[in-house]
Every structure is written in C-alpha cells, then in structure tokens.
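Engineer: One letter stands for each residue in the lines below.
Protein chains: 2
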Amino acid sequence: MSAGHVTLRDVTLRDGLQDEAPIDTGAKLAIYEALVAAGIRDLELTSFVRPDRVPAMADAEAMCAATAADADSVTRWGLVLNRRGAERALAAGLRHLQFVVSVSDTHSRHNAGRSTDEAMDDLAAVVELAAAEDGVVEVTLACSFGCPYEGRVPVERVVDVAVRAAEAGVASIGLADTIGVAVPSEVTALVEAVGERVDVGLGVHLHDTRGLGVANALAAIAAGIDRVDGSVGALGGCPFAPGASGNLALEDLDHVLVAEGVTTGVDVEGLVAAAEVACSAVGREVASHVGQAGPRFPHP
Amino acid sequence: MSAGHVTLRDVTLRDGLQDEAPIDTGAKLAIYEALVAAGIRDLELTSFVRPDRVPAMADAEAMCAATAADADSVTRWGLVLNRRGAERALAAGLRHLQFVVSVSDTHSRHNAGRSTDEAMDDLAAVVELAAAEDGVVEVTLACSFGCPYEGRVPVERVVDVAVRAAEAGVASIGLADTIGVAVPSEVTALVEAVGERVDVGLGVHLHDTRGLGVANALAAIAAGIDRVDGSVGALGGCPFAPGASGNLALEDLDHVLVAEGVTTGVDVEGLVAAAEVACSAVGREVASHVGQAGPRFPHP
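Listed in order, the protein sequences are those of chains A and V. Going by the working numbering, the letters in the first sequence line up with residues 1 to 300, in that order. Going by the working numbering, the letters in the second sequence line up with residues 1 to 300, in that order.
The shape of chain A in the complex, shown without the other chains (with noise of 0.2 angstroms):
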C-alpha cells in the first residue's frame, strides 16, 4: 500500500446506535467529543427518520444543536431518506446529507417502502433542496455488493444508479456492503467500474460481518476512495447473531493503516477510549480487535 490520505468517517452515533435502546443526548454527546478528541472530523451525527421506527435517533435535532459550535471544524452527516428528513436536516443546520438508496428494488421496497427508480427521484428533490442551502448531498447506495433478497447484484445495475446520482448533482457517492458479503477482488472492481464513470468523491461502507471489513478497506483505499466508514468498538451494523461483528471497527483500520503509512489525522489510541466511551453508553463490550488487545509494538 502506498502512502496517502483516506478519510475515517466515524458512523457511531448513527449506524452504531440506531439498533440500540435509545441512550440520552448527553450520553451521545460523550461519544461525539470523544470521537474528535481522537481526531475524527468526519462523522455521521444522526438520522432524520421516524422517531415511531428508529426511537434512538429521536434527537436528531438536540444532536445537531448541541454541536452546532463545531459546524466550520467537523463535518456531520445527517442521514435522509426523504424529502421530509431532509428538510429537517437542513432546518436543523446541517449542510452535509446522506440520501440512501438501495440498488436492490426488492431491498428498497422493504427497507424504504419505493422502489430504487422512485428512490432516485427523490434524491434530485434532495440535492436541490440542499443546494438552496449551501448544503451538499451524498448518495449512499445501499446493497451494492449484495442483497439479502435478491442474492448478487450486478456491477452495472451500481454503475447505472451511481452515474444517474451523479447526474442528479450529488457531491459524493458511498459504496455500501450493507450486509457483509464483499470480498476485495468486488471491491476492487466496483470501485474502479464506479470510479471509471463518475468524477464526484467516492467511499466504502463496510461491515465485518465474515472478517473482511479490513481487507475490503484496504482494497478499496488501493483502488482509489477517498473515505471509507466505520464505527468504534464494531458497534452497530445489523449483527447476524449475537457476537457477530457488525460495523468495520475504525480503531482496527486506523491501527493498520498507519502503520502501512496512510494519514488519517485520527488517533488509534484515542479511537479505542471513544470505543470504551461508546460500548460502554450501550452496555456492550469493544469488539475490535485492537480494542481488545491494544496496538502493536512498537506503534506504528
């Protein structure tokens, strides 16, 4: 691996906590600083959904006006899936959305009730109501490298959706292995065949569900992303089955990539104490790798 730049973008206090009971603001509030006490600067904050359907992320708006201070330092995501979520998220103050649409229509009409066409259309609505704002909208492309209803999805059926966000004006585009089943040789080529077709920014989401979240990372980083998700602790992430990891552990990544000498301006060990912070707030145990055994020695 060659020396460079990647982005962490820390997903924990929206995809680390969204499944959970719903811990208070302040409890959130402590993962969150100490997520940029560790360096990170790129952050998913909350989710503007349903309180009814994802009670955890009920103060999406306490979330954003608690760190409304940060606005110039850290850049926070907010997660849409309408156009209602992203009027709340602009009304909130943030400037940076994420509108997830699956590529799987089956996916999509269970996860969102629409198909990806009918998804799609809404995303044009989304990044024009943004712009009105000086904000910017990243499309998240659920299932991209596997559904759990339609098994395989094609390379091209990622590629078409990807360039249509792109045309529809979307800043960044996020590559999601939403249910754990890419290996590097896909992430190799997806990213290339995306990277190949649209000229806006591109990142991985991935999970640890069968051990490759590491690897599919790096082959990601190789293959040219700029960002690449994850959460402290493994928190998160739809687990199969108790014990099951869930989302790429960022203190696992952070450890590997400074040592292959990646700059990431984020801190390893202090990626492991926001995990202690946040698994703690849950009531679950860190389940990275380097959460539990420590960094190696000498480190990097």
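Since the hints were made in silico from the structure, they are not lab data. Where hints are given, some of them may not hold.
As the list claims (entries may be wrong) - Pair by pair, the computed Cβ-Cβ distance ranges are:
{"no.": "1", "chain 1": "A", "residue 1": "Ala193", "chain 2": "V", "residue 2": "Ala193", "range": "32 to 42 angstroms"}
{"no.": "2", "chain 1": "V", "residue 1": "Tyr149", "chain 2": "A", "residue 2": "Asp52", "range": "31 to 41 angstroms"}
{"no.": "3", "chain 1": "V", "residue 1": "Glu133", "chain 2": "A", "residue 2": "Gly283", "range": "30 to 40 angstroms"}
{"no.": "4", "chain 1": "V", "residue 1": "Tyr149", "chain 2": "A", "residue 2": "Ser280", "range": "24 to 34 angstroms"}
{"no.": "5", "chain 1": "A", "residue 1": "Gly151", "chain 2": "V", "residue 2": "Gly39", "range": "18 to 28 angstroms"}
{"no.": "6", "chain 1": "A", "residue 1": "Asp117", "chain 2": "V", "residue 2": "Ser73", "range": "48 to 58 angstroms"}
{"no.": "7", "chain 1": "A", "residue 1": "Gly265", "chain 2": "V", "residue 2": "Arg83", "range": "51 to 61 angstroms"}
{"no.": "8", "chain 1": "V", "residue 1": "Glu196", "chain 2": "A", "residue 2": "Gly265", "range": "33 to 43 angstroms"}
{"no.": "9", "chain 1": "V", "residue 1": "Thr263", "chain 2": "A", "residue 2": "Tyr149", "range": "29 to 39 angstroms"}
{"no.": "10", "chain 1": "V", "residue 1": "His110", "chain 2": "A", "residue 2": "Glu156", "range": "52 to 62 angstroms"}
To be verified - Calculated from the model, a selection of chain A residues having no Cβ within reach of chain V, i.e. all distances over 12 angstroms:
{"no.": "11", "residue": "Thr7"}
{"no.": "12", "residue": "Asp42"}
{"no.": "13", "residue": "Ala69"}
{"no.": "14", "residue": "Ala71"}
{"no.": "15", "residue": "Leu129"}
{"no.": "16", "residue": "Asp134"}
{"no.": "17", "residue": "Arg152"}
{"no.": "18", "residue": "Ala193"}
{"no.": "19", "residue": "Glu196"}
{"no.": "20", "residue": "Arg197"}
{"no.": "21", "residue": "Val200"}
{"no.": "22", "residue": "Ala273"}
Where is the CB? At the ideal position from N, CA and C, for every residue including glycine.
Using the hints, position chain V against chain A.
Structural biologist: Same frame as chain A, but now just chain V:
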C-alpha cells in the same frame, strides 16, 4: 487475487488446544474426523513436549496411534522443540516434524531456554534423525514479524535464520506471526525476501490478534506462499484478553479464498461444523466470523 491453489493447514489440535484444560483423546479424535471430513489433508496433530508443561498434549503418542491408518492420506505434523521430541514423534510413527525456532534470542530464551543459535544447532540433528526414517522437517520461525520482548525484528535477521534452516535441510519454512503484529506490506516484504533466498516450501502461521489475519494471509498468498496455518473457530493463539482473537480462523480464510477463485480443497461448511465440534469440546463459543454469520450468499 489470481486463481491458484493454497494448502490450509489446520492447527486446532495443537495450537488450538495447547493452552486449554486437557480434553480426552476421544474428543480430539472427533475434532480430527470433522477436520478430515471438511477436506483438511494437512494438520498439526499434536506436540511432543513435556506433559508437565503442556498437559493438554500429554496424549501425543495416543493421537498418532489412533490416526495411523491415515498416514498416507493426511499429512500429520508433530511439533517438536528438541531432539528428544523428535525421537518421540518418529517413534510414534510421524514423518512430518515441525521444529520451532524463535528468531528473537530473548523470546527463544524465554520460550525454549536457549538462544536462536543453540536452537539452530539442534535443528541439524533433528533433520538428520528425521531423514534416517524418511521423515521431513519444517522449521517454524517464531516471532518472524515481531517479538514481545525485542519489538520489531529486522527482515535480515529472519532471512538469515531461514537461509541457515534451508542449509540444514528443512523441507519447508513457516513464518509465524506469533504475537499478531504483522501488517500486509510487512508480510509481502518478508515472504518475498525469504523466497528470494531459499528454495523450499514457504508457509505462514498467522494470528488475528489485531484483526489482520485474513488480510495478511491474502498478502502472503499473493506473494507466493504455499500454505497458511489456522485453526477452526479461531481457537488458540494465546489471546491477550478474553474475547481477543487467537489463530486465524480457517473458515474465514477458506470462505474468502473460495470466493476469490483460489482452490483449497476444503469445504467452508465442513470447517464450520468442525469448529462447532472443537469449540464445544473446550466449552468456548465459535469465534470466527463465518462460524457466527454463516457463509455469504450465494456461496462462493
């Protein structure tokens, strides 16, 4: 990753069990049968060490006798630390001896009570003993990627010991990441450096302590090694802390290799079944990702 063949050598019965409370020989044979049923044809059967030091390996001779009928179809390795162990292994009918030498003097003294050079002196004698019985010796170079006492180990040091081992007549060399500190670029560099200087089989023995077991294995395979060691269920490997990962889980590695078109001859579901047998025998949860989440769909 280009297609090819890699041998997966199972180390469950030795590295996986050596630090556990002893289980009876029948329970070990059930693990052995499950491994062979999964397609494993290369495995560490036991070690010939002092039963007062490693009580879990006290039935070494019984394990050899009970599996003697497979001598032609399964490559059964016995770990030895000295001449006495080699004599026992040969007398028990094994013809594949693994001789462990730490490339770090300090670790060698702590682990085996002698320097690297003193261990290497014994290696020549062990090769001679084995050759007299048509046996072969592999040397496992412990601490090839770092030492708990000395920290980083220079590549030149490992290459030097490897060259001397090849001159002593070993059939193959295993590069062991004893404490789980390697990162992929270091694996690539060491495999290439050793491979340029010796003309014997090369394998790697990896631990997943910092979540890099699979990524390091993929790097080693890409660099040309013939064999990767691992256990089922991630058993063993002297984890640092409860819950910390030990050996690289073979089912996690096999899962990605099959998906990448690398032939192993080993069945992922069979490995998961063997992991369940092995982990149940020692009262632990299956700690592999694929053991917990199941193979991806469609598999491969």
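Engineer: If I take the minimum Cβ distance from Leu129 of chain A to any residue of chain V, is it greater than 12 angstroms?
Structural biologist: 37 angstroms, holds
Engineer: Test the statement that Ala273 of chain A is away from the interface with chain V: the closest C-beta pair must be farther apart than 12 angstroms.
Structural biologist: 16 angstroms, holds
Engineer: That 52 to 62 angstroms hint for His110 of chain V and Glu156 of chain A (C-beta), does it hold up?
Structural biologist: 57 angstroms, holds
Engineer: If I take the minimum Cβ distance from Arg152 of chain A to any residue of chain V, is it greater than 12 angstroms?
Structural biologist: 7 angstroms, violated
Engineer: Does the claim that Ala69 of chain A lies outside the interface with chain V hold up, using a Cβ gap greater than 12 angstroms?
Structural biologist: At roughly 35 angstroms from the nearest Cβ of chain V, Ala69 of chain A sits farther out than 12 angstroms, so the non-interface label holds.
Engineer: Just to be sure I understand the hint, the distance between the Cβ atoms of Tyr149 of chain V and Ser280 of chain A should be within 24 to 34 angstroms; is that true here?
Structural biologist: 33 angstroms, holds
Engineer: When you take the CB atoms of Tyr149 of chain V and Asp52 of chain A, is the distance between them in 31 to 41 angstroms?
Structural biologist: Hint violated: Cβ distance 57 angstroms, outside 31 to 41 angstroms.
Engineer: Does Ala193 of chain A clear chain V by more than 12 angstroms, comparing its Cβ with all Cβ atoms of that chain?
Structural biologist: It holds; Ala193 of chain A is separated from chain V by about 18 angstroms at its closest Cβ, greater than 12 angstroms.
Engineer: Verify this label for me: Asp42 of chain A is non-interface relative to chain V, using a Cβ-Cβ cutoff of 12 angstroms.
Structural biologist: 22 angstroms, holds
Engineer: Starting from the range 18 to 28 angstroms, see whether the pair Gly151 of chain A and Gly39 of chain V falls in it by beta-carbon distance.
Structural biologist: Holds, since Gly151 of chain A and Gly39 of chain V (Cβ atoms, about 25 angstroms apart) stay within the stated range.
Engineer: Does the no-contact call for Thr7 of chain A survive, Cβ to all of chain V over 12 angstroms?
Structural biologist: 20 angstroms, holds
Engineer: Given a hint of 29 to 39 angstroms, does the C-beta separation of Thr263 of chain V and Tyr149 of chain A actually sit inside it?
Structural biologist: 31 angstroms, holds
When each numbered hint is compared with the structure, violations occur for hints 2, 3, 17.
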